Amino acid sequence: MCNSKAHHFGLVTPVGTVSADPGSDVILPVHLSPETSAVSMEIRWFKGTELIYQYKNRQEKTNYENRVSLSIEELERGHLALTLRNFQPADSGDYTCRVFNDGCLQTGIVHLQVRGKLLKNLQPYS
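Going by the working numbering, the first residue of the sequence shown is number 730, and it counts up by one from there.
Hints were generated in silico from the structure; no laboratory data involved. No false leads were mixed into what you were given.
The calculated EDC-like cross-link candidates involving lysine to aspartate or glutamate, where the alpha carbons are at most 16 angstroms apart (straight line), are:
id, residue 1, residue 2
1, Lys785, Glu805
2, Lys785, Glu803
3, Lys790, Glu771
4, Lys785, Asp831
As the structure is a prediction and not an experimental result, all values here were calculated from the model.
Use the sequences and the hints to build the structure in full.
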């Protein structure tokens, strides 16, 4: 939480679960409110307790090589959405976004799951 009124912002995450099809690219939507530039902030994304992406001092680090990214251009508008490429069922779970700015910390969680599949061509019992 943050006690500084000069840097007051909130982290907005989806209310429900984000669903994706295996093999697709999925966006984990998070943004600052009010709209605030995040270019000078430190942003960390975790899957469970594993750090998978970090943005700090205009530098990016990732532990999911070539699979996760954040739009640096969108940071200016406070959009911190993480893109996860080639989603797999093992990627399902809780993703935590943490934003640090001048001693202030905001945390948000995005729930990600495999999109449900409808069974096709079911024949009733005779």
